[in-house]
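*Asks:* Residue numbers (our numbering), protein chains in the order written: chain A, 1 to 597; chain B, 1 to 597.
Some hints could be false.
Claimed, not checked - Label-pair restraints from in silico Cβ distances:
#1 B:Asp212 x A:Thr189: 55 to 63 Å
#2 B:Glu481 x A:Lys558: 15 to 23 Å
#3 A:Gly376 x B:Asp212: 48 to 56 Å
#4 A:Asn119 x B:Lys264: 50 to 58 Å
#5 A:Lys558 x B:Val439: 28 to 36 Å
#6 A:Ser564 x B:Lys552: 23 to 31 Å
#7 A:Lys457 x B:Lys552: 22 to 30 Å
Bear in mind the hints are in silico, worked out from the structure with no lab data behind them. Every residue, glycine too, gets a C-beta built ideally from N, C-alpha and C.
Number of protein chains: 2
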Amino acid sequence: MKNISFDKVNINSGFWADKQKLVREVSMMNVCKRFEETGRFEGAKLNWKEGQPNKPHVFYDSDIAKWIESAAYILAKHDAPELREYASNVIDTIAASQDEDGYYNQYFQTCENDRRFTNRDAHELYCLGHLIEAAVAWYNAVGEDKLLNVVEEYVDYVIKCFITDKTAKFASPGHEEIELALVKLYDLTKEEKYLDLALHFTNIRGTENDTDRVFYNQSHLPVRKQRTAEGHSVRAVYLYSAMVDLALRTDDEELKEACIDLYKNITRKRMYITGAIGSSASGEMFSYDYNLPNIHAYAESCANLGLALFCRRLNLLEESSDYADMIERIIYNGFLSSISLDGKSFFYENPLEIDPALLQRRGEHYPITQRLEVFGCSCCPPNITRFISTIGDFIYNVGDNRVYINQFISNSAEFDFMGEKANISIESGFPYDGKVKVVWNGPEAELMIRLPFWCDKYTADENGYIKKTVRNGDILCFDFEMKTVLYEADPRVQENAGRFALTRGPLIFCLEGVDNGSYLRDVSVKADGNMIMGYDKDLDLPIMIVDGYRRKHSIREKLYQPVSDEYVNLKLKFIPYFAFANRGETEMLIWTQLKRG
Amino acid sequence: MKNISFDKVNINSGFWADKQKLVREVSMMNVCKRFEETGRFEGAKLNWKEGQPNKPHVFYDSDIAKWIESAAYILAKHDAPELREYASNVIDTIAASQDEDGYYNQYFQTCENDRRFTNRDAHELYCLGHLIEAAVAWYNAVGEDKLLNVVEEYVDYVIKCFITDKTAKFASPGHEEIELALVKLYDLTKEEKYLDLALHFTNIRGTENDTDRVFYNQSHLPVRKQRTAEGHSVRAVYLYSAMVDLALRTDDEELKEACIDLYKNITRKRMYITGAIGSSASGEMFSYDYNLPNIHAYAESCANLGLALFCRRLNLLEESSDYADMIERIIYNGFLSSISLDGKSFFYENPLEIDPALLQRRGEHYPITQRLEVFGCSCCPPNITRFISTIGDFIYNVGDNRVYINQFISNSAEFDFMGEKANISIESGFPYDGKVKVVWNGPEAELMIRLPFWCDKYTADENGYIKKTVRNGDILCFDFEMKTVLYEADPRVQENAGRFALTRGPLIFCLEGVDNGSYLRDVSVKADGNMIMGYDKDLDLPIMIVDGYRRKHSIREKLYQPVSDEYVNLKLKFIPYFAFANRGETEMLIWTQLKRG
Numbered sequence: 001m002k003n004i005s006f007d008k009v010n011i012n013s014g015f016w017a018d019k020q021k022l023v024r025e026v027s028m029m030n031v032c033k034r035f036e037e038t039g040r041f042e043g044a045k046l047n048w049k050e051g052q053p054n055k056p057h058v059f060y061d062s063d064i065a066k067w068i069e070s071a072a073y074i075l076a077k078h079d080a081p082e083l084r085e086y087a088s089n090v091i092d093t094i095a096a097s098q099d100e101d102g103y104y105n106q107y108f109q110t111c112e113n114d115r116r117f118t119n120r121d122a123h124e125l126y127c128l129g130h131l132i133e134a135a136v137a138w139y140n141a142v143g144e145d146k147l148l149n150v151v152e153e154y155v156d157y158v159i160k161c162f163i164t165d166k167t168a169k170f171a172s173p174g175h176e177e178i179e180l181a182l183v184k185l186y187d188l189t190k191e192e193k194y195l196d197l198a199l200h201f202t203n204i205r206g207t208e209n210d211t212d213r214v215f216y217n218q219s220h221l222p223v224r225k226q227r228t229a230e231g232h233s234v235r236a237v238y239l240y241s242a243m244v245d246l247a248l249r250t251d252d253e254e255l256k257e258a259c260i261d262l263y264k265n266i267t268r269k270r271m272y273i274t275g276a277i278g279s280s281a282s283g284e285m286f287s288y289d290y291n292l293p294n295i296h297a298y299a300e301s302c303a304n305l306g307l308a309l310f311c312r313r314l315n316l317l318e319e320s321s322d323y324a325d326m327i328e329r330i331i332y333n334g335f336l337s338s339i340s341l342d343g344k345s346f347f348y349e350n351p352l353e354i355d356p357a358l359l360q361r362r363g364e365h366y367p368i369t370q371r372l373e374v375f376g377c378s379c380c381p382p383n384i385t386r387f388i389s390t391i392g393d394f395i396y397n398v399g400d401n402r403v404y405i406n407q408f409i410s411n412s413a414e415f416d417f418m419g420e421k422a423n424i425s426i427e428s429g430f431p432y433d434g435k436v437k438v439v440w441n442g443p444e445a446e447l448m449i450r451l452p453f454w455c456d457k458y459t460a461d462e463n464g465y466i467k468k469t470v471r472n473g474d475i476l477c478f479d480f481e482m483k484t485v486l487y488e489a490d491p492r493v494q495e496n497a498g499r500f501a502l503t504r505g506p507l508i509f510c511l512e513g514v515d516n517g518s519y520l521r522d523v524s525v526k527a528d529g530n531m532i533m534g535y536d537k538d539l540d541l542p543i544m545i546v547d548g549y550r551r552k553h554s555i556r557e558k559l560y561q562p563v564s565d566e567y568v569n570l571k572l573k574f575i576p577y578f579a580f581a582n583r584g585e586t587e588m589l590i591w592t593q594l595k596r597g
Numbered sequence: 001m002k003n004i005s006f007d008k009v010n011i012n013s014g015f016w017a018d019k020q021k022l023v024r025e026v027s028m029m030n031v032c033k034r035f036e037e038t039g040r041f042e043g044a045k046l047n048w049k050e051g052q053p054n055k056p057h058v059f060y061d062s063d064i065a066k067w068i069e070s071a072a073y074i075l076a077k078h079d080a081p082e083l084r085e086y087a088s089n090v091i092d093t094i095a096a097s098q099d100e101d102g103y104y105n106q107y108f109q110t111c112e113n114d115r116r117f118t119n120r121d122a123h124e125l126y127c128l129g130h131l132i133e134a135a136v137a138w139y140n141a142v143g144e145d146k147l148l149n150v151v152e153e154y155v156d157y158v159i160k161c162f163i164t165d166k167t168a169k170f171a172s173p174g175h176e177e178i179e180l181a182l183v184k185l186y187d188l189t190k191e192e193k194y195l196d197l198a199l200h201f202t203n204i205r206g207t208e209n210d211t212d213r214v215f216y217n218q219s220h221l222p223v224r225k226q227r228t229a230e231g232h233s234v235r236a237v238y239l240y241s242a243m244v245d246l247a248l249r250t251d252d253e254e255l256k257e258a259c260i261d262l263y264k265n266i267t268r269k270r271m272y273i274t275g276a277i278g279s280s281a282s283g284e285m286f287s288y289d290y291n292l293p294n295i296h297a298y299a300e301s302c303a304n305l306g307l308a309l310f311c312r313r314l315n316l317l318e319e320s321s322d323y324a325d326m327i328e329r330i331i332y333n334g335f336l337s338s339i340s341l342d343g344k345s346f347f348y349e350n351p352l353e354i355d356p357a358l359l360q361r362r363g364e365h366y367p368i369t370q371r372l373e374v375f376g377c378s379c380c381p382p383n384i385t386r387f388i389s390t391i392g393d394f395i396y397n398v399g400d401n402r403v404y405i406n407q408f409i410s411n412s413a414e415f416d417f418m419g420e421k422a423n424i425s426i427e428s429g430f431p432y433d434g435k436v437k438v439v440w441n442g443p444e445a446e447l448m449i450r451l452p453f454w455c456d457k458y459t460a461d462e463n464g465y466i467k468k469t470v471r472n473g474d475i476l477c478f479d480f481e482m483k484t485v486l487y488e489a490d491p492r493v494q495e496n497a498g499r500f501a502l503t504r505g506p507l508i509f510c511l512e513g514v515d516n517g518s519y520l521r522d523v524s525v526k527a528d529g530n531m532i533m534g535y536d537k538d539l540d541l542p543i544m545i546v547d548g549y550r551r552k553h554s555i556r557e558k559l560y561q562p563v564s565d566e567y568v569n570l571k572l573k574f575i576p577y578f579a580f581a582n583r584g585e586t587e588m589l590i591w592t593q594l595k596r597g
């Protein structure tokens, strides 16, 4: 099974075309300016001196690398001279700053050049990983190899330090990333040394004597023995993604099994209904099974999109619509919440509930209730821009005589198929409308169309897919009817007991205080009431108008009082979760009560 | 307004007579043995040497002092030769160990004699406070002054160190307690220096330059400026109790106002429905307003009974049944939960919800789900024994021509009233039955009978009390009808939104897994269903049988799934909260759902 890469996919209209345009025209230069202001690009010149502002940070190179990578993905499909020029200049700077021995890191070369590869947690290999991804993307999009040469020289230096001379003071990176990047470099160059290095870093993990924070770094066990998702959630899903990459390229059954079990542990026990992961703010970590607090959800944007990267790879390992269902859950909910509707600001954490009054009482403002344009640790914004710019990666897989449609994103794609040119196009109203039209031009093929898990109108033929044989010119139409359905959580998810999430098709909905008043936790949906789709002019989005009740509050003097039977009928206004926090600080809630009778 | 002391009150039958008997015959020697095993009494001999087990601890003297004090209260009313002999021996040991200069502390004299009064947090004055309370109790009960002489000499030494010579390295104790103890010593001896020292320690608090943990120690503001209950909750309520004591004896209006406002802050914003306080395990502290987590409730036994001590004093300051209502809430719920039905073991924390499966998943066992016989920090057990032994303190107040009945505890009391002997007796079925019979023998008086806040059968005449003029031989009968009522919390108590607590009269009820299966959070009470009082043979207690529903669980593979309409009818068995965790480790829940229709 092979993936059809985003660069073969044209997304020219519809929901994701709009998002890509927003990223291209607004987010990219906005992130760029914030990175400029905080010295991230300037730091690459290695000019910083003690006492000056904007001291380079160990992970600044990863931020600028992801920005270059995002620019490359945009340039692969669009003319964007401003992005091209800016990125080219940054690449020139990096190339000029690379040490003669191949090393490059703006922080260490400027501040601690004698401490290279001495601190496992100092992000050097993580930064290199992102530089590799940027270099591969830039080469593929623009055809220039300057950054590619930089990273190839640097990787040779890494091989020297970690394998040949063993001068490095640790064995595997504290923050995974380089493993999956090296696979990309291998795929491009076909040089075995890159695959070998990726395997080396992956295999040695969990076998070192390092006892410091082993769970945090996924070093508690050799990777093939790992069965539960542990530690820092971004590191984890980057590692697991690399593990699938390596399993696919080496046909390693043990590694495949570990990956599938890790996926099951995450998605059956450690994932929010939005597809977000990493519930614990302490260490940005996975927690224990079913510990999924709503207000204190950490659910970092990078972790959420990282889970989608992991799922996309798993879907190449196994024909199962479950992986694509999960991607759909993530991209329309727990991932998409991370960017504001105007494209300018971002969430690092993605809470599932917000109560500003509670934060005020507590006197601390965590989690944040409003998106920001930049963070001290600003990994998320350029990760979000590169993810949206490559959303086309998630649509199709191809295997033998089959083409898999995994996401119903409007697009047309051209690709080689069974020795011929093929062209497929999708028109869809997702995520708001389930009507899908597929046009096939190419040799006779089996189209495998994912039957979304929330749709009961069709029956799947094989592993969650509808199978249709198509010939040149065939048109298929589906209506994946989107019903409004309340979802409940496993009873072991303590906080959600007696509470329900309103969903419609792929979207999770939420209530906001600005529409529905305060004390949202007291609101109930009427079990047999009306649920009507509406439209909100301010948000410019479809919404749901739902019959509900709420307890009639008059906050009385007593902390506890006999239950009141005074309820008021309400029209509740639910908005798509991804659109929350776009109208000022206000309460937000996904998990509401349900009132029967 | 004066309190009628427990020693004038005979509790010979009924609920509290049984509890006192249990403490007298089981708890006291059981606590004593655990204290022996852990070297707490032996430490008072100052024989401990480095390398030996059971190193003395800074607060061990407070543990043994509270045990002696408990023994004294029992000896005031009962013949208990074993307790008397044991306590006498311990007093002899302490007297023999007292230094020539008056100082006594088993830890410092043994381990750090040159570090006396250098560490504000080392509990020396706290221990002395408890020794003073024990000495006063022992003198009053037994008539022996040996311990009284010890503490009087010690207090003189304290005055020297803190006032005259100022050799102490801090100004006010880190853990309050000595302030209220000094008032007791003053009340007994009428020596002004004790009241002065109590005032000194109270007035200097919050004016020191100590910036370390000022909230923790209630040193963030001068006490008269404090309006919110902050910091370590036991320290707080001990301080507030002393503040009322001092306000009463010095007629200090500013101090009175602070006390009343602190009471309002606690009981309107920072108290569990059980009357428990100090919700945060981190620092055993009060938290912010309405932050009252159930599973992670800290709610230390000492804090809960300390709130009752504060309320009893406030009721001498102000004629308001609210204080006595609050005491009732505490003594039958958040306090009484701290001792097992067999009298042998105790809770330090008193959770409002238990989920053993969650603790197992989390891999740590906090809060504890079962009572223990002794703790490393074992302040609670002897505090519980002394509190139950003086429960008679809470029944009556006397003022001018009035006698206030605050608690409906079966008893008879003899006391001087308007220059004559008076005798009053109460027979009641509390906390299970609201019928109360009061017999008055004495001069004509106004009986002020508290109308419980949960009873709507009578109307109060004055500040929550029913006023009845009685003459010699009069008998009054009341039926404070105990209805089963669901209570709701202020909507700002996040966790309880959409949840209700079942109460009947003064009792809060809870569900246990052993009776009702697992996933108790999914259980709903049927709004218009039957609620019938029953009796449980094993517990030997009245219980409530209530019509309910529960979601029909089959734990399916998916973490989230469409809401199921499969509900099963159930007879829910609610037991009094105070009786939870007496039948092995099992789920427990107070705040249930309510299903209407």
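*Asks:* Would you pick out the hints that fail for this structure and give their numbers low to high?
*Replies:* 3
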